[in-house]
Amino acid sequence: MAKIKVNGREVEAPDGANLLLFLNDTLGLNIPHYCFHPALEKVGSCRMCQVEFVMRRKDPDGKESVRRVLGVSCRETVRDGLEVETHGEAARRARKEAMEFLLVNHPLDCPICDKAGECRLQDYAYQTGQLEGRTIEPRRKEEKLVDLGEVILLDRERCILCTRCVRFFKHFEGRAQLGVVERGDRSHIAAFYDQPLTGNYQGNLADICPVGALTLKKFRFKQRSWDLTPVPSICPLCSRGCNIFVDVARHGVVRRIRPRLEPEVNGYFICDQGRLEFDDLNMVEERLRFARVRREGRLVERPMEEALAEAARLVREAGEGLLALASPFLTVEEGEAFLALTEKAGFKGFWSPPPTGLGDRHLRTDDPCPNRRGLEKAGLQAVHKEALAAAIPSASLVFLAGERILRLLPPEVLSLCAVKHVILLERVLGGLEGAVQVALPGASWAEKSGTFVNADGRKQRISPALRPPGEAAPDGRILEEIRRLVLLQGSGKEEEK
Amino acid sequence: MSGYDQVPEAARPFLGPTPSGKPVPVKVLRKDRLDWKEKVALIEIFKGMGFTLREMFRPRFTIQFPEEPFPRHPSVKGRPVLAKNPDGSIRCVSCGLCEFVCPARAITIDPGETSDPIQREPRDFQIDMLRCILCGMCEEACPEEAILMSDELLMATDARPKALHHLEDLLVPVEKLQERIDYTKRMYRKWNRPQS
Ligand code: SF4
Ligand code: SF4
Ligand code: SF4
Numbered sequence: 001m002a003k004i005k006v007n008g009r010e011v012e013a014p015d016g017a018n019l020l021l022f023l024n025d026t027l028g029l030n031i032p033h034y035c036f037h038p039a040l041e042k043v044g045s046c047r048m049c050q051v052e053f054v055m056r057r058k059d060p061d062g063k064e065s066v067r068r069v070l071g072v073s074c075r076e077t078v079r080d081g082l083e084v085e086t087h088g089e090a091a092r093r094a095r096k097e098a099m100e101f102l103l104v105n106h107p108l109d110c111p112i113c114d115k116a117g118e119c120r121l122q123d124y125a126y127q128t129g130q131l132e133g134r135t136i137e138p139r140r141k142e143e144k145l146v147d148l149g150e151v152i153l154l155d156r157e158r159c160i161l162c163t164r165c166v167r168f169f170k171h172f173e174g175r176a177q178l179g180v181v182e183r184g185d186r187s188h189i190a191a192f193y194d195q196p197l198t199g200n201y202q203g204n205l206a207d208i209c210p211v212g213a214l215t216l217k218k219f220r221f222k223q224r225s226w227d228l229t230p231v232p233s234i235c236p237l238c239s240r241g242c243n244i245f246v247d248v249a250r251h252g253v254v255r256r257i258r259p260r261l262e263p264e265v266n267g268y269f270i271c272d273q274g275r276l277e278f279d280d281l282n283m284v285e286e287r288l289r290f291a292r293v294r295r296e297g298r299l300v301e302r303p304m305e306e307a308l309a310e311a312a313r314l315v316r317e318a319g320e321g322l323l324a325l326a327s328p329f330l331t332v333e334e335g336e337a338f339l340a341l342t343e344k345a346g347f348k349g350f351w352s353p354p355p356t357g358l359g360d361r362h363l364r365t366d367d368p369c370p371n372r373r374g375l376e377k378a379g380l381q382a383v384h385k386e387a388l389a390a391a392i393p394s395a396s397l398v399f400l401a402g403e404r405i406l407r408l409l410p411p412e413v414l415s416l417c418a419v420k421h422v423i424l425l426e427r428v429l430g431g432l433e434g435a436v437q438v439a440l441p442g443a444s445w446a447e448k449s450g451t452f453v454n455a456d457g458r459k460q461r462i463s464p465a466l467r468p469p470g471e472a473a474p475d476g477r478i479l480e481e482i483r484r485l486v487l488l489q490g491s492g493k494e495e496e497k
Numbered sequence: 498m499s500g501y502d503q504v505p506e507a508a509r510p511f512l513g514p515t516p517s518g519k520p521v522p523v524k525v526l527r528k529d530r531l532d533w534k535e536k537v538a539l540i541e542i543f544k545g546m547g548f549t550l551r552e553m554f555r556p557r558f559t560i561q562f563p564e565e566p567f568p569r570h571p572s573v574k575g576r577p578v579l580a581k582n583p584d585g586s587i588r589c590v591s592c593g594l595c596e597f598v599c600p601a602r603a604i605t606i607d608p609g610e611t612s613d614p615i616q617r618e619p620r621d622f623q624i625d626m627l628r629c630i631l632c633g634m635c636e637e638a639c640p641e642e643a644i645l646m647s648d649e650l651l652m653a654t655d656a657r658p659k660a661l662h663h664l665e666d667l668l669v670p671v672e673k674l675q676e677r678i679d680y681t682k683r684m685y686r687k688w689n690r691p692q693s
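Just so you know, the sequences run in chain order R and Y. Sequential numbering of the first sequence, starting at 1, is according to this note's numbering. Sequential numbering of the second sequence, starting at 498, is according to this note's numbering.
Since the hints were made in silico from the structure, they are not lab data. Be aware that one or more of the hints could be misleading.
Claimed, not checked - SDA-like, lysine to any residue: derived pairs with alpha carbons at most 20 Å apart:
hint: 1; chain 1: R; residue 1: 222; chain 2: Y; residue 2: 628
hint: 2; chain 1: R; residue 1: 344; chain 2: R; residue 2: 316
hint: 3; chain 1: R; residue 1: 222; chain 2: Y; residue 2: 614
hint: 4; chain 1: R; residue 1: 144; chain 2: Y; residue 2: 687
hint: 5; chain 1: R; residue 1: 222; chain 2: R; residue 2: 283
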């Protein structure tokens, strides 16, 4: 611990910590900054984090002299005897001037800018209070719609040249793809040889850019940021379990997924699949809204209670002949409920899809199961293709439970199931219409709460962002209800009634 | 003592008979008989006829609504509409401020892209006139002078779907709204004076 003086007050700070981070995160002083990002190299180019350093020195003749200099706090480390003034006249003025220069050529785009509402430029412009421009020269015209590949669009007029994006590729991905070209007032951001950006982490540019210069194509004009409710959750697309926010719009539509800071798992970033592949959360038409039961050879929509009772009857009658397969998307709690329900089953486990090959050395892993460790710990076994293909023909009833199970199972296995009696707990009917006896409408990971355990054994909580449509309900609730009915029917209470 | 005695005297008649079964003595405070002038009623009749006679020779101010429009000041807040520029383009950039500020949540915007320099315009813009309370907050929030309170006050329909106004129903040439624009500019300047 080092003793430093901030605005005349003595405070203890961890030795060697970044001064700006300490001032903002620990003392809550809210010093503005653009080019500084805790995950990137510090360059101190935007000059927004300037504070006044007070230097005291004893002259040889014993007199103390004080010198005050302005400097950027983002490149300073905390050390003993440091003395800073953050909100003195000089520091304030320096920051205000830096701000005014940044805004000299900035367009008045806020009404059409996707960043509005979470834009640092807006925030600090209000904070510093220079609300009107003092220039009379026309603003610089730049290209407003530069295509940077499949994920990102660049608006050069809005760019403030903080070079966060340039450093992101250099330091996080280890492969520079963007650079500042030309010099002076003609400098601008460009992709090398105007090639589209590549890699699985481009989406992070939209978060990293402190203004609306880099925006997501997928989010373009979809929703204003203040209309979104962020729900903290866990990305289910691989076993890393990145912490995310699911941003839900007013009408119950997921509009965006973005990283949530978690230094022990994903830091500030997530991969592009996790960010962009959320369309199936908003699925409407294909979605099973009500339970369906086979009556006289046809699948018909029936009330949930009837479907649950039917499922319970089938499970109880099948006994040993039940083959129960859970999706790797089930939470720990649901895995336990599943295990309890299928006690007597001859064959049970959770489906373990083959590695995707999408893994890299940053975040993404090869394993597409978000909860492998959790389900194994709950007592379920991972099931691979061969074992499953061997077991299906001898089963009398197949119980498939959990989100995406139909999509994850290979077609060969599905065709084996298609000649059996099947109970399906899913969000869609998939290709099994002919075999399904009872279809129960399940929920997606964004519609339930529970625990996922990631590849490192870290327990993390998912929380519901949406409401399941119709009579659909979280899988765990349905599994527990079937189990209750199985026990009830088994004890003969049902017949007595 | 019975509970009857604890009720204030003025309220006792409402309780029905006293505990002893005797009716409560009632005192009427109003005048309950007409005097002779009122009984004859002729004076009042002549007074009324005199008034009618006088009015017959006055100029008429009844307006034959709805055929005849009545004059409206630009301060009237009628149905919110969207301004259309003389070149046919839509002023609204679908920034969503009105959607957000609307206390009745009457506005739903579906933003879309255009090739224009403004880049953004509504693909659809719905105002549910069953929800709208004509407060004018949308007009005040709009940074583009695109949504304005028109002077149209006839919004009744015979079917619910018709009360949902879409983009094409809402677009009005900006010339027709100029008076309101000038008025709001003047008023907002007056109200939103920067604090010095
Ligand atoms: S980058 Fe920020 S300040 Fe600039 S137009 Fe977008 S929202 Fe407005
Ligand atoms: S007038 Fe008021 S209630 Fe009506 S649309 Fe505008 S903001 Fe909403
Ligand atoms: S506030 Fe104005 S510009 Fe913005 S969406 Fe509403 S009408 Fe359009």
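Hints, verified against the model:
With a C-alpha separation of about 24 Å, the suggested pair residue 222 (chain R) and residue 628 (chain Y) falls outside the 20 Å cut-off, and the hint is violated. As the CA atoms of residue 344 (chain R) and residue 316 (chain R) are separated by approximately 9 Å, the hinted pair is consistent with the 20 Å bound. This hinted pair checks out: residue 222 (chain R) and residue 614 (chain Y) have alpha carbons roughly 18 Å apart, not beyond 20 Å. Of the supplied pair hints, the one linking residue 144 (chain R) and residue 687 (chain Y) is violated, its CA atoms being roughly 36 Å apart against a limit of 20 Å.
Our distance criterion of 20 Å between C-alpha atoms is met by residue 222 (chain R) and residue 283 (chain R), whose separation comes to about 17 Å.
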